[in-house]
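Starting from the known structure of chain B, fit chain A onto it as the hints suggest.
Protein chains in written order, with full-length UniProt numbering: chain B, 1 to 745; chain A, 1 to 214.
Hints in this document: simulated from the structure, not taken from any laboratory.
With a cut-off of at most 25 Å between alpha-carbon atoms, the simulated SDA-like pairs for lysine to any residue come out as follows: (1) Lys393/B x Glu163/A; (2) Lys156/A x Val398/B; (3) Lys488/B x Gln719/B; (4) Lys34/A x Gln412/B; (5) Lys452/B x Arg74/A; (6) Lys284/B x Asp328/B; (7) Lys452/B x Val415/B.
Under 7 Å between C-beta atoms, here's a sample of chain A residues computed to sit facing chain B: (8) Thr32; (9) Glu33; (10) Ile44; (11) Gly45; (12) Val46; (13) Glu47; (14) Phe48; (15) Gly49; (16) Thr50; (17) Phe73; (18) Arg78; (19) Ser79.
Cβ pair distances, simulated, as ranges: (20) Asp39/A x Asp419/B: 17 to 23 Å; (21) His192/A x Asp354/B: 42 to 48 Å; (22) Asp454/B x Gln131/A: 38 to 44 Å.
Even for Gly, the Cβ is constructed at its ideal location relative to N, Cα and C.
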Amino acid sequence: MNSTRPQMVIILRYDIYLFFGGLFIYGANVSLICEDGGMDNGCRSQLLDSPDVTLQRENIAKGAAPIPARESVVRYQMSMKEDDYTYTQSLRVFVGTWNVNGQPPTVSLSDWLACDVEPPDIYGIGFQELDLSKEAFLFNDTPREEEWMFAVCNALHTAVEYKRLATIRLVGMMLSVFVQKQHAPHVRGIAVDTVGTGIMGKMGNKGGVGIRFEIYNTTMCFVNSHLAAHVEEYERRNQDYRDICSRMSFTKFRPPKSIVNHDQVYWLGDLNYRIVDVDPKKVKELIDIENFDPVLEYDQLIRQHNLNEVFMGYKEGKINFRPTYKYDTGTDNWDSSEKNRAPAWCDRVLWKGDSIKQLKYRSHPIMRISDHKPVSAVFESKVRVIDTVKYRKIHEEVMKKLDKMENEFLPQVMVDTTDVIFETLRFLEPQTKELIIANTGQVPVQFEFIKKLDDTTYCKEWLHIEPYLGSVRPGEKCDIRLEVYVDKRSASKLNSGQDKLYDILVLHLEGGKDIFITVTGSYERSCFGSSLETLANITVPVREIPIGKLMDMELENRKDGLENTVYPVPKEVWYLVDYLYRYGLKEANLFEQSGLHSELIQIRNWLDNGSQDALSSSVHSVAEALLLLLESTAEPVIPYNFHSVCTDCATNYQQCRQIIQQLPDLTRNVFLYLCLFLQELLSHSNDNGLDIKTIATLFGAIFIRDPPRSRDSQNSRTQQTLDRKKANFVYHFLVNDQSDLLAIT
Amino acid sequence: MSTGPYSYSYIFKYIIIGDMGVGKSCLLHQFTEKKFMADCPHTIGVEFGTRIIEVSGQKIKLQIWDTAGQERFRAVTRSYYRGAAGALMVYDITRRSTYNHLNSWLTDTRSLTNPSTVIFLIGNKCDLDGQRDVTYEEAKQFADENGLKFVEASAKTGENVEEAFLETAKKIYQSIQDGRLDLNAAESGVQHKPSHGGGGASSDQQNNKDACSC
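Chain B with its partners taken away, still in its complex shape (with noise of 0.2 Å):
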């Protein structure tokens, strides 16, 4: 059934889940929210920038959909509150580039790496040209690597020990990142990746490379880029700077996140950026006498910088250092080569995000064996650190606001009563009440009666709902027509007590809960709907026999047919056959022509309660009033257990008649004292018009009456042999002379 019913879908705005001081929001673009706990500045404002979810509403109580939703919710909640479960922590950290035009390390690297006293708590250290051959350039491979990492490891400060977190290289740019050995469990999400930006914008000659990781609750990420060389190639460099960071990905995680995913960016490299539009010599001079300011204002990167061309949000401390390049090799004298290069700041490090400071930002001239000098800078930076307690407690707490929040956006409603009470109820009058059910809840509600357990409907059949399912949106209402119709196939139930006017009503709610709606009434017994037997045992009116004992005899008789009855006939079916005999018998279309709901109404009561006064009812009323007296009784005139041999046997005259002198006196004497009347009818057929085989037709039905449910389970072609057959049974009994029946009597 669900399958087929559409599912709902429903639009939540944020703006209605400002939610518990924050910004809430039940969001389910999963796709935005990173594995990793949604720490980053990226995700939190993708979060903060979608201003309509999608949600699926009516499977959160059933565990179905939202789930991923949930679970970026709690990310979400968490990293809005990360203040409240963090505390910060200053790290130093170390960042070393070099360009070492391709030679090996002959010398020790600590007086670039551990010049100062105190040890940095993080090393990025990253190196160009680590070999300029060309095995290096087309295969990617070089013995260097290991020599210079030998190099690097051996020159880390001494006073601590320290763990490599990862080492990545593409050609002749290498990255490696270290940590004090007492940071390294805090350190989580170690990914790396490479960008080549070279010829044909892959190889990788120039390009750079890149590691990230968090440490405690802060994500970083360390990237070494060689740039476009040249002097007048700076837009090819800015181009360089945009390559990396739109391919750099680390798609380890979903989605994978670039260098703008980060808390903090270390940004670090030979980025070739020149000193132009001014004489070098002039450059040099000013150098010399360590005046950098005025040379500086004609650096290409702070230029760019300044233009927002390049490095757009990256930070850089003061030059307070010679240009790095370019030297004579072994020297510290600028290039002295045909090509005598102006000096320039190739060798940069910049770097991004809140809470750090640069301590540090130098260049190392004693450092001879490359035509660069490396450079490093050291910062201050503060990272978070998570207090256990206080983030279990605020997660428990986020969990259970979600917990209260999913319970609160289960279904709800109200309904105006779960006790729908019916006044008197009788025979053929029905009575309605509505029951409202307003949508007391946050969401649409889909609701439904349904059945209970081992019941086959949801309600009684003298019951009829309407509508038994629908939805009612947040807010609005629904009323609920009740309507309790006591008739033919319900009136004998309720008279022996078999049934009452009771029941109890599931109104379920889609994923949510049910509500059960009682409904009772009291049924005012009538002869229509009581047994043959009862009607001629009592002399007087159904409403002057007491309930008890009215069902007490419903049961007897079900029991044990009665042998001898008051009355050899029902005095019912006597009254109304003795109207129509008396005013019936020339009218036309007796038994063809609908009596008024009002005179039946008449006719029962005036039977029910035994009038003096004489009845005034049109005489199809009172024809009509006869059948339904006839059919509403709990077994049929010719009893169920007849019911097929009678249909065997139709065509058999002889076996009809036997059939009939079988049955019980009260059913036999009501049978044949009936098709002695139509008899009588049908002689009058010049004056009423009435056919025999109408008539034969419509007291076979009612004669032979099919046992309950049976008739929903035939064909109608079936069911048309049957009701000929029924017709030819009752066909004898009009057209012979029955008076030898009668005399067993």
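What follows is chain A alone, placed relative to chain B:
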């Protein structure tokens, strides 16, 4: 923090049963909302609540059906036992009659649930020790004789409420680990990993509806 795509790995269906006024709805409310609901109206129907808990590092979603206790609804509430993984059977320690009826509640539970259903007996309102009408020892003995877990709890103070729900889940989880509870059985009351297409509790309801098109 879990890294999987789901917040939980299992769904357990619970029912709460017992005489009218023993505090079934208050226990549910205390468990899901951590609050005592004073002047709680009689439940006319079956309330539904949910909470995610953790057992042995596994997140488990509890779907709890809190049934009406009134005798006249007894026949109807029997529909809800089917497919329950846990049954919390509640009596009121200050009203002996509610304790005396436990046998009939237990009979219903045993006949309408499957053998692996965990039945947990809760003597509620233990904050009202002064009005106690049923001793702890007596109830404990009843529980032991019938193989039930038992605590006295208070929906008002919250005492032992969490424990009763969690202990039940632990026992169910244990049954799964031991292989005593067949996850594939339609009426185990346990679903492993939520799947699209309806929960365990509601699938019964769906079946009911299918046959109901009169």
